[in-house]
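Peer 1: Chains A and B, in that order, give the protein sequences.
The first sequence begins at 1 in this note's numbering and counts up one residue at a time.
The second sequence begins at 258 in this note's numbering and counts up one residue at a time.
Hint data in this document are derived by calculation from the structure and do not stem from the laboratory.
All values reported here derive from a predicted model rather than from experimental measurement.
For each residue, glycine too, the CB sits at the ideal point set by N, CA and C.
Hints should not be assumed to be uniformly reliable.
If you only want the chain A side, here are some residues facing chain B, beta carbon under 10 Å, derived [unchecked claim]:
id, residue
1, W7
2, Q8
3, F12
4, L16
5, E20
6, N89
7, G91
8, K94
9, R252
Each chain is listed here by its residues.
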Amino acid sequence: MIERSPWQLLEFLYLLARMELKARYKGRFLGYLGAVGLIFALAFVFWIAFKVIMGLDLPNYSVYLVAGLFPWAWMSMGVVSASRSFVANAGLIKEMGIAHAILPLSNVVQEMMHFALALPLIVAWVAIPGDYPPTWSWLWQIPLLMALQLVFVYPLALAAALANAYVRDIEYWLGIGFVLLFFATPMVYPVSMVPEGLARYFELNPFHALMECWRTVFIESRFDATHAAYAAAFAAVEGVVVWFLYRRFAPRVGEVV
Amino acid sequence: MTAALECRDLWKSYSSKRVGLKTLLLRPEVARTSRYARRWALQGVSFKVSRGQGFGVLGANGMGKTTLLSVLLGIVQPDRGSVSVQGRVASLLELGAGFHPELSGRDNVFLYGSILGMRLHEVEERYHAIVEFSELGDAVEEPLRTYSNGMVTRLGFSLIAHAPADVFLIDEVLAVGDARFQEKCRRHLQEFRKRNGTLVIVSHDMEALAEVCDEGIRLEMGEVTDAGPIGDVVRRYQRP
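Modelling step: build the complete structure from the supplied sequences, incorporating the hints.
Peer 2: Written as structure tokens, this is what we have:
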């Protein structure tokens with residue numbers, strides 16, 4: 001096994017993520033606009049459908065959508081692309097013996113870089129209409145939430161990559177799972193609209209807690225400590241469980257990819 | 258002399274089937290039994306390589322050579338037995354495994370260097386030497402997909418050649434590139450050994466093995482069927 005110091009690992013992670021982005025966009029600005037535009041287009045479609053056609057009574061609906069959709073895209077695209085990371089990089093794993101755990105992390109970090117690049121546009125989208133002026137507290141709230149989301153998403157991504165190495169069709173099921181979760185979290189309507197008996201179950205969903213934090217930051221400039229604590233607790237449990245799974249299943253990944 | 262690399266009684270088997278979600282859920286007994294459908298790739302392999310020595314592993318395709326290197330590299334866990342390696346290892350199992358076709362030669366040097374365990378400043382220090390050895394010239398700024406196979410091979414080899422390593426694991430790579438470049442690679446490997454570096458090469462190219470190794474073994478169906486000075490092993494292999 002190639003020995004790596006923590007600094008070398010960090011540099012390696014940075015290079016993996018940066019080079020992948022570079023290869024995808026080839027340094028073209030249009031590529032970046034395309035990735036961001038897709039999410040704005042999605043927000044536009046939901047806005048037309050729910051606000052204009054169905055007459056949803058939520059004053060800040062366009063902000064509500066954008067504040068949630070970008071972190072959601074980071075999470076779902078990060079986990080789905082990470083699920084392919086062992087299989088797609090079979091060469092690296094088999095021939096070079098690189099530490100497996102870093103590959104899905106690179107996918108999650110790539111999507112985080114996307115999110116960070118889109119942040120100025122999100123902030124502009126939220127702030128320019130004037131109802132939700134930007135505040136200084138975003139300077140600590142947003143990075144803190146990004147860190148929380150990173151530790152929340154990474155164990156999921158690692159578990160997805162492991163599962164997909166052993167059982168090859170997991171990546172398709174993951175895509176379906178995230179579509180269902182998208183409507184169960186909920187991303188396009190507030191939980192307050194859900195009938196009371198059901199709403200309890202929505203509140204149990206850790207994904208809901210995380211997304212609620214994002215919306216509270218952008219809409220109320222407030223850090224939702226309750227939901228953040230719930231998401232963090234979930235991330236901690238996930239982390240422990242996935243660590244054990246990793247210890248158990250990673251050594252044979254080189255043989256099954 | 259101290260042993261740079263030693264393996265004792267290595268055993269390794271593979272199961273041959275791939276399991277999908279459907280099999281796992283509907284026919285778990287198949288998923289379970291296919292895990293025990295054993296095909297031995299290594300059967301009780303033991304040898305020792307001293308520091309500064311060149312060690313060749315001979316055998317036809319499918320005899321367990323690449324599995325052996327993967328076990329030495331620590332990518333594949335043996336079922337039984339142990340491996341110990343002293344110092345930094347660099348492997349050249351498949352040239353270009355870490356290359357990205359859309360990136361330029363320069364970006365690939367940094368990415369691949371990092372894959373090999375180098376720090377960024379280490380790659381920077383060696384960058385000119387790497388490009389010069391590869392003889393790519395200005396093409397290093399072009400995306401890798403525009404390269405010929407020979408160019409990719411040259412870049413891959415020169416990166417490995419400049420990686421800081423005490424032990425080199427090489428699989429079949431001496432058979433690539435044109436004759437002149439092959440000669441250059443061989444010279445480089447000889448120099449590496451003079452600096453007390455250890456080489457383990459797996460190949461069916463007898464001449465190349467005989468030139469850069471001193472000792473070797475022959476693998477057949479995962480078993481060591483011959484061992485000794487490389488010249489003798491090669492001779493017995495060619496005229497059984």
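Peer 1: Against each hint, give a clear statement of whether it holds in the structure.
Peer 2: Results for each hint:
no. : hint : verdict
1   : W7   : 7 Å, holds
2   : Q8   : 5 Å, holds
3   : F12  : 4 Å, holds
4   : L16  : 7 Å, holds
5   : E20  : 8 Å, holds
6   : N89  : 9 Å, holds
7   : G91  : 4 Å, holds
8   : K94  : 6 Å, holds
9   : R252 : 7 Å, holds
In summary, this structure violates none of the numbered hints.
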